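Chains as they are written, first to last, in the working numbering: chain R, 1 to 256; chain X, 1 to 256; chain Y, 1 to 256; chain A, 1 to 256.
Hints are computed from structural coordinates only; laboratory data are not their basis.
Do not rely on the hints blindly, as some may be mistaken.
Identical copies go unnamed one by one, so any copy, or any two together, can satisfy a pair.
[Stated by the list, open to error] Keeping only pairs whose Cα atoms sit at most 25 Å apart, straight-line, the calculated SDA-like set for lysine to any residue is:
id, residue 1, residue 2
1, K127, E244
2, K106, T232
3, K235, E110
4, K40, E233
5, K127, R253
6, K28, H48
7, K155, W208
8, K120, S133
9, K2, G186
10, K155, K235
11, K239, A176
12, K28, S45
13, K179, I112
What you are looking at is a predicted structure, and each value in this text was computed from that prediction instead of being measured.
4 protein chains.
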Amino acid sequence: MKWITKITKVEPNHLVTRGYRQEDLIGKIPYPSVVYLLLKGELPSKEHGRMIDAILTACIDHGVTPPSAMASRVVASGDVPLPTAVAAGVLSIGDAHGGAIEKGAKFLQEGITRMKNEDKTIDEFAKILVSESREQKKRILGFGHRVHTSDPRTKRLFSLADELNIARGHISLSKAIEKELEIQTGKKLPINVDGAIAAIISDMGFDWRLGKGFFLLGRVAGLTAHVYEEQTEQKPMRKMFTTECEYDGSEERDLP
Amino acid sequence: MKWITKITKVEPNHLVTRGYRQEDLIGKIPYPSVVYLLLKGELPSKEHGRMIDAILTACIDHGVTPPSAMASRVVASGDVPLPTAVAAGVLSIGDAHGGAIEKGAKFLQEGITRMKNEDKTIDEFAKILVSESREQKKRILGFGHRVHTSDPRTKRLFSLADELNIARGHISLSKAIEKELEIQTGKKLPINVDGAIAAIISDMGFDWRLGKGFFLLGRVAGLTAHVYEEQTEQKPMRKMFTTECEYDGSEERDLP
Amino acid sequence: MKWITKITKVEPNHLVTRGYRQEDLIGKIPYPSVVYLLLKGELPSKEHGRMIDAILTACIDHGVTPPSAMASRVVASGDVPLPTAVAAGVLSIGDAHGGAIEKGAKFLQEGITRMKNEDKTIDEFAKILVSESREQKKRILGFGHRVHTSDPRTKRLFSLADELNIARGHISLSKAIEKELEIQTGKKLPINVDGAIAAIISDMGFDWRLGKGFFLLGRVAGLTAHVYEEQTEQKPMRKMFTTECEYDGSEERDLP
Amino acid sequence: MKWITKITKVEPNHLVTRGYRQEDLIGKIPYPSVVYLLLKGELPSKEHGRMIDAILTACIDHGVTPPSAMASRVVASGDVPLPTAVAAGVLSIGDAHGGAIEKGAKFLQEGITRMKNEDKTIDEFAKILVSESREQKKRILGFGHRVHTSDPRTKRLFSLADELNIARGHISLSKAIEKELEIQTGKKLPINVDGAIAAIISDMGFDWRLGKGFFLLGRVAGLTAHVYEEQTEQKPMRKMFTTECEYDGSEERDLP
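If we strip away everything but chain R, and leave its shape as in the complex, we get (with noise of 0.2 Å):
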């Protein structure tokens, strides 16, 4: 029995990480650029490497509210070293949490497959999408946000695909189900953080099974930074959120 991998060779004084030596990628190529290699197996262009770059930093934080900045801050309040906390945030990333990116790419990259199949225009297909999720009651996930109606960071990243001529039929998908969600619903339902970058990484050809990594891989410079904080400006086991408390169980009893 034995390993098979495609990613790093080890051998000694000697590192291959898909074909390249390791130091020749140190310093030479941006961090986010290798980040892309180890996902997808080849190095990104300028324009791919710029993009992947600018996700990363729009999953860097959302402050202290988020399960997993809060998850992290609580664990490191046991007194645990830094990396344990930061696992514990790593570990909120779930359907509800970052998870909208996941789940977004599937619905776009399925969608434009089903859409060359049945031969519509983005346009058509997104009239049909919008109709099909409103019958099945189901949310197209990627829409709205909890705190913000107009993201900056999804403008940036957008304007940003625009530039570096990254934006394909995700993006434009994406854009048409937000009119025609505004159209069939009467609200405004404005593309999230998340519905942006899983558009994005739809049109550089990532697959949708990667959407939580992407979000992870920014995210734990964030949670970093929160552990950290927690560790050396306050004291273990504080007071951290309010304790106040309804216990609406059983009345007390004795055992039978």
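Dock chains X, Y and A against chain R, hints included.
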């Protein structure tokens, strides 16, 4: 009760990290420099920005054999979400895996402080530190490697630190210790990649408490690639390792 | 904003869990019955109490080969705190490892509901379910095992469920499916320990969503023992698995 | 290369743990006694079996306020699998949360060894230990609690240890320290539940390195209940804590 943080201010349509609007950072400041900003509070100089980029890339991956890659792949084989499996790898970053960055940086930073207090030169103080460690039978961390005698990542990082004019007292002390170790022990114990990063981040003014953090921030890229490779090219619950096992516990017996 | 919970009321010198004072539970109610209380809200009958105790023991350990034990030992080898390493094992409990309890219980619980709605007998409905699964090429989870053809834990659990008069429709349906699988496929696919627990907790009235929970609650005992054995009998960063590795990625190449 | 373990032998249709066939343990030996067997290698006496059961129950839950319950619920709110969220809670079990069992047991075990070497009585040695800790300004762990002045769990555990004739030198030393602390500081610092467990497992002959393990093995029951309550009674990504937040970092600024 409320949160107090120096990291990110979150308001509707307005995200400010360490003073900078996130839309200004995205695609304009390289992601590794944003990492620096998050951990230090200020943007790096151009030279420090390039150095931190190189450090992240130097940590990306070391094949399937370190505990972190193995843990991520083993957990992935239980058929769990990608972030759960990546987090498992992060958990293994401990005193024996990546820990030499933290411990090595602490040793160098305390060494330089003592050296100044005791008014010694770097060579004199390297001699003292090596003698002390031999008397106390304590290993100085960051020297020697289980696979590499001349780690290509170390050479590249140090030459870059020279080129960017980042090298200061901690790197000098580190190199003096390497020489002194050979003199006192008769064995070559070259600075390893952990030791090199320990010296460089110390010369860049980082707190040693962030040692495992830098390792983690680079290594998550490799871990994500390993989990993705496991999820897309292998079956869940595959026979992953040797299952040859010797049970050397109690003989089989009846309940008393 | 405040917490609302049915689990425990915390006041100075006064802890009430599911209505009972903790000092009344400690040492008077067996721990497995307290687990039942926590998950169901009421203390079990004597028979249910004994059954849940048996289920926890049936999950304790399966040697070093499952992902959970391997993950815990690998992470321990990075030299991290005991709970960090145990948690890594817990992370691997996924759809492919312990997941058959959850999925199997869901299948049986939905099966019994449909059976009643469609006014069928257990044998008739087992035939329908097996036929459907074969048409849809979906495996029914909880049958067959990669190591055991006649799992000693399964037999023991089922005989105890009979003895304690716990066996109801879900166990009957499970056994009818086992027979029907052999009739329709010509192969013996005996109920495995996950399948047995799935049927028993369903007959005890537990929600299938707790399936992985029962597995986890028993398995942490084995994981703690593995981490402790690793920490006390092995060195950190030891060569743990085969490191024989075939790199089948890109040929070594120069940067473009 | 092969595994060596004393825990479980796995052969087809044959599982032997610490010498006993698993089918013999299931439903015959109470689960807490099986935990004892896993950690110690031998089945407990009837008295030790009852004591370990009581210890597990004494650790089950302390409401939503400790880091472990909060971390589990916060991570669950990201919409992840149940074991992922339970594991997050386990991660928070650190030096400041549950850690007093480990550190307290180490302190008592080393204390008893020194006491015997120095040929002192328990009262004499308690005086020495308290004086030393005050001189070195080190807190003795396991005394005092942020909520309880007279913890009902502590009283119950100690009375059970008496009743079962388990109390030996470590419990005596612990009680002598409690008295001596009041004499030397003038303040009541009663033994807390962590301190009580530290003393009892020491009198039962357990290694202090297992301290966090016992806490973890009981607490997973409560964490599973919290995650299940969160998953079934709350929405993902709900507003969980106060989000009132003061940003006291850099003023907003333009990129240089």
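- At most 25 Å between C-alpha atoms: does K235 with E110 qualify within a copy, between copies, both, or neither? Answer is between; shortest inter-copy Cα gap is 24 Å, intra-copy 49 Å.
- Item | Same-copy or cross-copy closeness of K28 to H48 [CA-CA at most 25 Å] | both (16 Å within a copy, 14 Å between copies)
- Give the relationship of K155 and K235 under a CA distance limit of 25 Å: within one copy only, between copies only, both, or neither. neither (39 Å within a copy, 29 Å between copies)
- Task: Could you place K106 and T232 in one of the four classes (within, between, both, neither) given a Cα distance threshold of 25 Å?
- Result: Between copies only: 15 Å across chains, 41 Å inside a chain, cut-off 25 Å.
- Message: Within, between, both or neither: how does the pair K2, G186 come out at a Cα-Cα threshold of 25 Å?
- Response: Cα proximity of K2 and G186: none, with 58 Å in one copy and 34 Å across.
- Query: For the identical chains here, do K120 and S133 meet the 25 Å Cα criterion within one copy, between copies, both, or neither?
  - Reply: within (18 Å within a copy, 36 Å between copies)
- Message: As a check of your reading, is K179 near I112 (CA-CA no more than 25 Å) within one copy, between copies, both or neither?
- Response: Within one copy only: 17 Å inside, 45 Å across.
- Message: Treating 25 Å as the Cα threshold, decide for K239 and A176: within, between, both or neither.
- Response: neither (47 Å within a copy, 31 Å between copies)
- Task: Can you give me the call for K155 and W208, within, between, both or neither, at a CA distance of at most 25 Å?
- Result: For K155 and W208, only the intra-copy Cα distance (22 Å) is at most 25 Å; the inter-copy one is 38 Å.
- Should K40 paired with E233 be assigned to within, between, both, or neither, using CA atoms and 25 Å as the limit? For K40 and E233, the Cα distance is within 25 Å only across copies (14 Å; inside one copy 40 Å).
- Item | Status of E244 relative to K127 across identical chains (alpha carbons, at most 25 Å) | neither (47 Å within a copy, 40 Å between copies)
- Message: I want to check one pair: K28 and S45. Are their C-alpha atoms no more than 25 Å apart within a copy, between two copies, both, or neither?
- Response: both (14 Å within a copy, 17 Å between copies)
Of the numbered hints stated above, those contradicted by the structure are hints 1, 5, 9, 10 and 11, listed in ascending order.
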